[in-house]
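S.K.: Sequence:
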Amino acid sequence: MGRELIEEFESEKGIKVILEYDNEKEMYIMTIHKDTGKIVFQGSMKEIQQQAEKYFVRSLKDIKNKMEIALLEDLFNR
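Note that the numbering used here gives residue 18 to position 18 of the sequence shown, counting from 1, and the numbers run on in steps of one.
Hints listed in this document are in silico derivations from the structure and should not be mistaken for laboratory results.
Each hint should be verified, as a subset may be incorrect.
[Stated by the list, open to error] Derived DEER-like restraints, expressed as beta-carbon distance ranges:
| hint | residue 1 | residue 2 | range |
| --- | --- | --- | --- |
| 1 | L71 | M45 | 21 to 27 Å |
| 2 | Y55 | E26 | 47 to 53 Å |
| 3 | I39 | E12 | 52 to 58 Å |
| 4 | S44 | I69 | 52 to 58 Å |
[Claimed, not checked] As a list, the in silico DSS-like pairs of lysine-lysine whose alpha-carbon atoms are at most 25 Å apart:
| hint | residue 1 | residue 2 |
| --- | --- | --- |
| 5 | K64 | K34 |
| 6 | K66 | K46 |
| 7 | K64 | K25 |
| 8 | K13 | K34 |
| 9 | K38 | K13 |
| 10 | K16 | K54 |
| 11 | K38 | K54 |
| 12 | K25 | K66 |
| 13 | K46 | K16 |
| 14 | K61 | K34 |
| 15 | K34 | K46 |
| 16 | K13 | K64 |
| 17 | K25 | K61 |
| 18 | K38 | K61 |
| 19 | K61 | K16 |
| 20 | K54 | K13 |
| 21 | K54 | K34 |
| 22 | K46 | K61 |
| 23 | K25 | K54 |
| 24 | K38 | K16 |
| 25 | K25 | K46 |
| 26 | K38 | K25 |
| 27 | K61 | K13 |
| 28 | K25 | K13 |
| 29 | K38 | K66 |
| 30 | K64 | K54 |
| 31 | K38 | K64 |
Every residue, glycine too, gets a C-beta built ideally from N, C-alpha and C.
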């Protein structure tokens, strides 16, 4: 029983994604390993997609905010 591996791949940037199905809990588990840590999404495929979308939208907003702060600091220091 346990988990069944569905797909596993690694990007050129070192991000590793593992998609599994947990037979006991009857749900999918997607684990993303990256340099800043590990992220785990679980549920139906639709739930995982929604969780991942929210996570990555927040991540992109954080990156955008950091870039804007860096630009403002650069302008201020001129």
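S.K.: If you test the structure against every hint from before, which numbers come out violated?
M.R.: Hints 1, 2, 3, 4, 6, 7, 12, 17, 28 not satisfied by this model.
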